[in-house]
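Enquirer: Given these sequences and hints, build the entire structure.
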Amino acid sequence: MNAEAVIGIADIRPIVPELTLIFAGLILMMLDLIVKRKEIVAVVGIAGALVALFGTYKLYGITVDQVAFARMFVLDGYASFFKLIFYLNLILTICISIKYMVIEKASFGEYYALLMFSTAGMMIMASASDLIVLYLGLELMALSTYILTGLMRKQPRSNEAALKYFFLGAFSSAFLLYGISLTYGLTGTTNLKEIATAFHTLSITGDPIAYLGLIFIIVAFGFKIALVPFHMWAPDVYEGAPTSITAFMSVGPKAAGFAVLGRVLFEAFGSMQVEWGAVLIPMAVITMAVGSIIALAQTNIKRMLAYSSIAHAGYMLLGIIAGTQAGLTSTANYLMIYTFMNIGAFGIVIMLRSEGFQGENLDDYKGLAKSHPLASALMLIFMFSLTGIPPTAGFIGKFYVFMELINAGYTYLAIIAVVFSAISAFFYLRIIMYMYMKDPEGEVVLTTSPSLSIALAVSAMMVLIIGVFPSILLNLVRYSILGTY
Amino acid sequence: MEDIILNQLSYSILSWTVFLPVIGAVLLLFMRSANLIRWTTLGVTIATFFISLPILSNFDKSTYKMQFVEKSDWIPSWGINYFIGIDGISVLFIFLTTILSILCVLVSWKSIENKTKEFHIAILTMEAGMLGVFVALDFFLFYLFWEAMLIPMFLLIGVWGGKNRVYAAIKFFLYTLVGSLLMLVGIVVLYYAGGKTLDILALSRAQYPLQMQYWLFMAFFAAFAVKVPMFPVHTWLPDAHTEAPTAGSVILAGVLIKMGAYGFLRFSMPMLPDATKFFVGPIMVLSIVAIIYGALVCFAQKDFKRLIAYSSVSHMGFVTLGLFALNTQGIEGGILQMLNHGIITGAMFLMIGMIYERTHTRVIAEYGGFAKLVPWYAGLFMILTFASVGLPGTNGFIGEFLIIFAAFKSKMIYGVLATTGIILGAGYMLWLYQRIFFQDANPDYEASGKHPVKDLELREVIALVPLIIFIFWIGFHPNTFLEYMHASVEHLIGQLNETAYAGNENMIAKYFMEIF
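Going down the list, the sequences are from chains E and C.
Take any residue in the first sequence, note its place counting from 1, add 189, and you have its number in the numbering used here.
Take any residue in the second sequence, note its place counting from 1, add 247, and you have its number in the numbering used here.
Derived from the structure by calculation, the hints contain no laboratory data.
No residue lacks a Cβ here, since even glycine has one placed at the ideal position from N, Cα and C.
Hints should not be assumed to be uniformly reliable.
Keeping only pairs whose Cα atoms sit at most 25 Å apart, straight-line, the calculated DMTMM-like set for lysine to aspartate or glutamate is [stated by the list, open to error]:
(1) C:Lys362 with E:Asp628
(2) C:Lys312 with C:Glu613
(3) C:Lys364 with E:Glu630
Here are some chain C residues pointing at chain E (derived, C-beta under 7 Å) [claimed, not checked]:
(4) Leu289
(5) Glu394
(6) Ala395
(7) Gly405
(8) Val406
(9) Leu424
(10) Val425
(11) Val435
(12) Tyr439
(13) Leu638
Expert: Listed below in structure tokens is the structure:
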């Protein structure tokens, strides 16, 4: 409706971090041609991410939401907070990848460039205030991730995972486009705020087409964040992909999916909260149930963590179901905490992978505490955090979600959630049990590298610090999204 | 705030008491030699005990108010404070915890040779967690300590325990976790009902709608009843007690299971008085079932340690019976009986650990004639047996007497049935003593060349003597301990009586009709 808005040089300012990342990605591709040691590429990648992070930090302090490109792109605290998650995800992933990709014989410079592009896509998603820009960001993220999944091209399961991920991803994109077009047909706009206005002025809130558009959009993002029943791809893809990419995927695209889902549901479909609540509540319950229960039967740790990540998506969804800004805040908070604990856990899984040894079976963890007490202690921290036992950060994440959920009147959902939380405790405990309470069956060699150690140390420290002094994170997330402490 | 007395001392005595073990645990991380680790842990536990001593001399017994209070901002956006303090109900548990922790280190001196460092770190974090539970005055802080304690306990049972340790550890963890998580939901509901605060004192002053009280009571009951443990949810206890290493059993029996009862006293009763009165009947019945069922099961046990574990179910039944009699004698008797049980059963598990190190069996039938082989051991165990059955002159008598008195006061039939439990208790304990120490000696142990069973060492006697002293001290002069509780217990009774729905039994009856 405001088609005559002019796009000028000032519009560039809010997207400087995204541009920096893409530019850094391009530099990495060039660098790949001239340097032999891919570690250098990785370090340059981290530097690029830090420069972009600095850009986001400089733009962070501005309290007024900045819009650009005819209000298709918005930079507010909400977007900035999610971008912080993406940066952490990117940097930690690069740190845990360097040695691992060499062992997998898949150490290409493109790997790091694609991580950059994928992260840029996520950042565009978090900032999108228009369905078209949203789609743009989504595809940039998704296409990069498809390639990353299949990077171990000599391994059939990696190929299978990439293909599966690509087909189902393409499928979900189609759903999204269908939802977008239905919504556009009904309201005549793709801008989120204007959709909300159109619902109001045209009084078409109860229109069946609006339902349909809403459901298609939820289905599309249900694929991205692996909500049951759209989770089928997740275990296979998580198992087949390089472990570092599994870590990356279990946090990044999921966080981006939640960022977008939150923004679309709250800004565009805010008037249909009852309707989308009715869709999301059963989805959240079966997501927690399927994730927690099927994880009990897994013997491959990557698959187990895949199901665990499905269950966690269920808990995160509860914050959105609460239907308040504070609920959304609790979801964002959970995602930040999840980043540290999940990448930490995958970091240990990567440690067990060494030349000629997969280290993905639960049996490989038998007696680990005897031979490698420090690595086991870190894994113990991450597992208890994923379970949600204080004084780890995982507890703070769950507590905040339950708080907002109960405040919104969904006490029964909180009770269901804690029951599944108790069920899920069993498979996390089982890993601890294998490490500490069984005797080792063979010699396990851990592959360590300085960058991996740093990533693990940072993750474990953050899990404990946030667990004991949650104010640090809470102030940040509340200030970013709610505007108050 | 009129309910608190800020810390009377010039230093934060409670914080030091709680966090000194944590500092010790961090120090252990950097140590290598097993002996250095043992001595440091012993030093830290003794230091913790001595640091906490000024609490006793400075404690004001004439008031129910929270003392030695420390309060500072912690999570301001949720209105949660670092808020700690103690009153007459919690003060004695601090000492029970610090003393038993020292003994746990002593008794593990020789038996723990595998992963020594991790074991002692677990003991110290455990101690900090237990102390934290008793001093926390913010529900969030309480929950943090309450749950954090599960981690070291899970490892203590699972790593250093007996044959079935993994099963017992996971069972223990899952049972308590389910209960605690339900309580967590209750805590959040209470947070909004009480005006967005988790300050325990403020929550106790506020009043809640009747229906909410019922639900909250059940949510809290889930957590506390599992921990106590009360009758239908007690099955984790025999497994955990039996499989845990000696130090783990002592901590479990001595302190950990007291926390459930403490939870009833600190949360359920003052915050939800109407619901407490509403649920008194079923809880009394469950307590009596626990007393009698626990005692009967003891008769059938073949394992020394498992028998004592089941006797805990029976004894904790007495504790909940006393507490929910809801009168002064009952509550004071209940608290005293918790201390008694901590001392007696703690000492018994210590002694079982000592004899197991020598014989490597816990099967009762393989013992026999030990009064001759280890006379000192037999003598000390005799004292414990008498204390456990409640012989006058020992602490068990005082606690059980108060509880039985309160039970009769509450309802004749409760008193009669509880007394039956005492008789059964005397039965299984004396029979146990007879089978182990008298009878014909097991030929295996008599032929001294094969399995020489030595009598107690000095280190072991030192570990037991303090507990024996307390058994007689409480037995002959219980007032030393009871006078700490009087003011607080009276205040609690007052809170129970002054309720929003006092005298409005019709309404409760109406609600009762609605449910069924």
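Enquirer: Confirm or reject each hint.
Expert: Structure-based check of all given hints:
The straight-line distance between the Cα atoms of Lys362 of chain C and Asp628 of chain E is roughly 13 Å, inside the 25 Å bound, and the hint therefore holds. For the suggested pair Lys312 of chain C and Glu613 of chain C, the alpha carbons sit about 53 Å apart, so the restraint of at most 25 Å is broken. Restraint check: the Cα-Cα separation between Lys364 of chain C and Glu630 of chain E comes to about 23 Å, which is no more than 25 Å; the hinted pair holds. The beta carbon of Leu289 of chain C is not positioned within 7 Å of any beta carbon in chain E (closest approach about 22 Å), and the interface hint is therefore violated.
A distance limit of 7 Å between C-beta atoms decides the matter here; for Glu394 of chain C the minimum to chain E is near 5 Å, and the interface restraint holds. The interface hint given for Ala395 of chain C is met, as the beta carbon of that residue sits about 5 Å from the closest beta carbon of chain E, less than 7 Å. Taking 7 Å as the C-beta contact cut-off toward chain E, the hint placing Gly405 of chain C at the interface holds, the least distance being around 5 Å. For the restraint placing Val406 of chain C at the interface with chain E, the shortest Cβ-Cβ distance is roughly 5 Å, inside the 7 Å limit, so the hint holds.
Nearest Cβ of chain E to the Cβ of Leu424 of chain C: about 5 Å, under the 7 Å cut. The hint holds. Annotation: interface hint on Val425 of chain C holds; nearest CB of chain E at approximately 5 Å, less than 7 Å. Among the interface hints, the one on Val435 of chain C holds; its C-beta lies about 5 Å from the nearest C-beta in chain E, closer than the 7 Å criterion. Interface restraint check: Tyr439 of chain C against chain E, minimum CB-CB distance 6 Å, threshold 7 Å, status holds.
For the restraint placing Leu638 of chain C at the interface with chain E, the shortest Cβ-Cβ distance is roughly 41 Å, beyond the 7 Å limit, so the hint is violated.
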